[in-house]
Structures are given as structure tokens and as C-alpha cells.
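Visitor: Those protein sequence lines, which keep their order, are chains A and B. Counting in the working numbering, the final residue of the first sequence is number 385, and the numbers go up one at a time with none missing. Counting in the working numbering, the final residue of the second sequence is number 643, and the numbers go up one at a time with none missing.
Just so you know, these hints were derived from the structure itself, not from any lab. Quick caveat, the model's predicted, so the values are computed rather than measured. For glycine and all other residues, C-beta sits at the position ideal for the given N, C-alpha and C. Certain hints may be false.
Quick list of the computed label-pair ranges, beta carbon to beta carbon [as the list claims (entries may be wrong)]:
(1) PHE636/B / ALA260/A: 28 to 38 Å
(2) LEU307/A / GLY450/B: 31 to 41 Å
(3) ARG617/B / THR341/A: 24 to 34 Å
(4) GLY438/B / ASP4/A: 25 to 35 Å
(5) PHE636/B / THR267/A: 30 to 40 Å
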Amino acid sequence: MTTDADVRAEIIDTVRRFVAREVIPHASELEHQDRFPTAMVEQMRELGLFGVTIPEEYGGLGLDLLTYIGVIEELAYGWMSLTGVVNTHTMAATLIIHHGTEAQRQRWLPIMASGERRGALSLSEPDAGTDTRNISCRAQRDGDEYVINGTKAWVTNGETAGIVALAARSEEGISAFIVEKEPGPQFEGISVAKREGKLGYKGVETVQMAYTDHHIPAGNLIGEAGRGLPQILSVLELGRINIAARAVGVTRAAFDAGLAYAQQRTTMGKPIAEHQAIQLKLADMATRLEASRLLTRNAAERKMAGLRCDVEAGMAKLFASETALEVSMDAMRIHGGVGYTTDLPVERYYRDAPLMVIGEGTNEIQRIVIARGLLARALEQGTAS
Amino acid sequence: MNVVVCVKQIPDPVAPGALDPGTNTLNRSGKLIMDDSDNYGVEMALQLAGGEGDEVTLVSMAPGGETSGLRTGLAMGAAKAILISDEALAGSDALGTAKVLAAAIARANPDLIVMATESTDGYTGTLPVQVAELMGLPSVTFAKAISIEGSTIKVERQTEAGFDEVVCPMPAVVTVTAGVVEPRYPSFKGIMAAKSKPVENLTVADLGLDASQVGSAGSGQEITDVSESEARGSGEIVVDEGDGAQRVVAFLEQLKVI
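All chains should be modelled from the sequences, with the hints used to inform the complete structure.
Guide: Here's what the structure looks like:
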């Protein structure tokens, strides 16, 4: 369903005001201390951010993907880490929406929509990142339970989440499960084995989670046993549009910072914005920003229309993330020495950008996804003619 | 309890403003937003009218049937709105606007009327007391805290020296200053609900007013000339030579800030 344009604009504007007043003044300090933004997340919950795409009949808002990416862009404009809290939650919820039974939807979606329980998505392992078929975490059926054993890697929100969408190997193959737990470093057979220290994307935790004989009800299997991988990969399409929207937000923040500084900073008797060397940069930065936003919007519109969008989501993720990396560097060049200091947020944009290049499928993988998608479509068209 | 909040819908301050060259009045033809100063009035009203059966009604006068700003207040939690929009209102001065708002407010039969101390585009600051006078109601200005006690309100009224405690019978008009409460952000659910909340559209005739009393026809003010404000000076740089603190204190004393 398409969201009313006025409602969409008002929601995005509200997030913009929230970010300007509540996020930007505190983001750098929290980020430098690598502290979880508890107060901000609580305010995000009150706004309704955890139920944006969850249908209204399950307590969500049922807003469309264009509204969602607008919200994500605004959050990333203030602090990219905040989007990580929402994105993984939304992907876990989307897995339940698309592949859960009605009883599972009734059970988990309302508490996720209200933000009472936040979600995480746990696919990767130390030896299974891009190569998802290498997953070794095991789910052994034991009566009306599954027993989980193994280690999962790069779990965003792993510690603070109450619901984890988990990919594990059962007898039938890789299956998707919902693991309910209490937020914290340890719960029954689940423990945080390692908190990753990161270049950027700080504040929100990225952890290794170890499962040791952890029992979950058999009813927590999502969809058909052995079909977990395609189910989770279909959610990753949304994840890639998410990442592209994050990248657009970071790029816009870096560009705005560069544009403002170029007008303030004077060298050789005039603002540096009047020097052609800076103007060329500003023009390229703005053009790439605009292209990133349009590619992201295009992918979202295709997904909303129910069209295949693996190619478009891949293109948006690839281009927007590379742009975030380049534009944040350009913004730092415009700032010169002061941009390299921790006094200004430009250095944060520069450290946050690589996450989008690497996360949710590296850009190398994106190129392969795009190429294979294009070839598949060519083949389909050839067959049709 | 019924509380009315007057809400001004103004051109977005982020966009460059422009004057109508014919009338020298502010061009209001584009999208309007709720004046930021009204956030405090709406929030205060929502806090005061938080009980069972309580209701907050927004009242606004704006050209072109504009409701964008009203929707913001409705999204925050107000139940309904009254909008007066009429071509005859173009060029209204503060008193003309007060006549229209007073007539519209009376229809809602409120126990309390909350307004911002002044708008951020006009800054006349005269409207609230004019409305009170026209309605024959008491008014309390510069409220920094309001509490309801039976059929009276108790207001802490900001003064230069501190604050006065004012007790006043209801109905009454109260103006609130910016910062007295922390305005809530409209929740996404509130934004969606606001779309279907009732907005009563009224004209000058609906209020029983004569067009000659309002708009430029009824305006007692005339803008004869407009000039650019003086460019802001560069300020004075004080180099601290051990006496920085004293000089800052002297400067603030000169401004009568301390």
C-alpha cells in the first residue's frame, strides 16, 4: 500500500526535526565513547520507528518503503549507527511478515512494532559471510524443541535485541528460526563471545554470539525447514535498500558540512567556495548525492510495486555506499586539517562510510549480483521472444 | 475541560521570506507551517487537558484553506480544529485578526484559551489580550507554569525579577512563553490519525462578522514604507588580559541582563 504523500512528508519532517534537536548535538560524543544511545532509542520507540513497515493489523503503522527509506536517510544524516538499530529489527520483522505463520505474526509482530522487543538478524558466521551456504551453526531437533549450537558473527544489536532471526543448519538444510532472549550479554545457552571493536558504526554493538545447547521451541521455526536461506536472502534485498538509504544520509551530511565550510572558510582573501578547485568538488559531490538518492528511490519503488529488484537494490547499495566513501573524503579535503580532528563530525562520516561498502554483501558481491541479475533477465527476455 | 489553542500558520522560516510588493505584507501564498512558538501552547494545552473527556481544539486564521500547520498540532494530539479562511481577511491587522479569532473561539465554548506570547513572523504580541478583551475574559500573560484548581487557574507569570503567582477565574486567556514545556514530537501514529481529524472551515460570514470590520478594509494600520534592517555589526572582541570575567559581567550589566 502506498502511503499518503502528506503523511509521508510529515513523518520524514518530524524525524528531521528530531535528528536536528536530539541526535546531532550528542552523536559525536556518544560515538567517540562507543556508548549505546539509550535515550535516543527510547525516543525513536515513542515516535513509532520500530513499527514503520509492520502492518497495522499487527500493531504497526503499515507505511510504505519510500517513507521508510526517507526515515532512514534522516537518521543516518544525524548518526548512521541509529539506523542499525532500526534496520536489523525491520529485517527480522519482515522475515516474520513474509514467512511466518499467522500465529507467529500475532505473537511477535505487535511487541516488535511497539519496540518493546527489538530484533536482530543473525546470518553470518566466522567462516560463513559471503559464503552463506557454509553455515555450520546447528539446530538439532529434540522432540518439540530444537537445540542450537554454534557461533554467529557480526550480529548488530545482538546483545540488546530480544528477538533474533537466526539462520542455522537443521537436518533439512539451512533453516530460519526465531530465538527469544532477554537483552544482555548472557541468556540461558546464549552468550556474547566478543564485542567487535570497529573503525566506525560505534555505539550500536556488533557481537559474536555463541550458542551452547540452547533450547528453543520447535514452533519457532520460520517457514519450511531447509528453506531458510532463500527466505533470509529475500529479506536482504530490503537490507540493501536500507544500506543505500543510510549511505544517502551520510553523503548528504558530509556534503552539507563541506558546502557550509566552503562558504565560511576564507583563503587568499575570499571564501574557498569561490575557488574553482572547491567548486569542482562541490559539483561532483552534489551530483553523486543526487544520483544515489534516485537509485535508492528507484529500487524502493520497484520493490513496492512487487517487481524483482535484486539488480536495482544492488546498484543502489553499490553506488550510494561508494559515494558515501568518496564524498565524506571530499568533505574532509574541503575542511583541511580541521576536518581531520574530532572537533567536527566529518571524521565520523569518513569512518562510518566503509560499513556501507562492506556490510549487507560487499560491493564486490553486489557487482556479481547485478551482473547475474542482468544476465538472467536477458535470458528471460530471450526466452519470451 | 475544553482548551482552545490559537495556532498561527506561517511561511517556513527556513525558506527565504518575501513581501508582497503591492501591500508590503508577508507573502503567504506558499505552504505554511505551524509557528514554532505555538508548539509550546499546544503542548501546554495537551498537558492541562489530559483527563477523561478533556479536549483540545485548535483555532487558526490562514489564507487559501491552509491546514498544513494545523495538522502538526492535530498530530501532537489536539482533537479538532477550526480554520477561518476568507479572501476578505487579506491585510488584517492584529485587531481585525483578534475579532475573527474571538468569534471563532466563542463557538468552541472553551474553559481556557492558550496562545503563544507572540508569533515569530509578526511579533506584535498584542493579539492575545485583544482577544481576551473582545471576549470579555481575563488574561494572564507570560505564563511559565499553569495549574488548574477547580474553576480557577493558577499561573506563574514570568517577570523581570522572577515570577508572580496569579489566580484567575476561568474561562481565561493565557499566553505561554517559549521553553515553558518540552513540546512532544508528533508520533507517526499521531501524524496518520491527524489526516482524518475534523477541521471545520469557516468564512467571515459564518462568524457573523461584516467584511468591513476585517481584512484591509477594517484595518486601522497602514504600511506606508518598508526598509531593510541595518546589517548586523561585527560585534566587539574583548581580549582577556586577566580582567575578562569582570568585563563580561560589566557588558551584561550594561544590557541589564544581570
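Visitor: Next step is simple, just say for each hint if it's right about the structure.
Guide: Against the structure, the hints:
1. At roughly 29 Å, the beta-carbon separation of PHE636/B and ALA260/A lies within the given 28 to 38 Å, and the hint holds.
2. Judged by the Cβ atoms, the range 31 to 41 Å given for LEU307/A and GLY450/B holds: they are separated by roughly 38 Å.
3. Our hint of 24 to 34 Å for ARG617/B and THR341/A holds, since their Cβ atoms are close to 29 Å apart.
4. Separated by about 30 Å at the C-beta atoms, GLY438/B and ASP4/A satisfy the suggested range of 25 to 35 Å.
5. A hinted range of 30 to 40 Å for the beta carbons of PHE636/B and THR267/A is consistent with their spacing of about 32 Å.
Violated hints are absent here; each numbered hint is respected by the structure.
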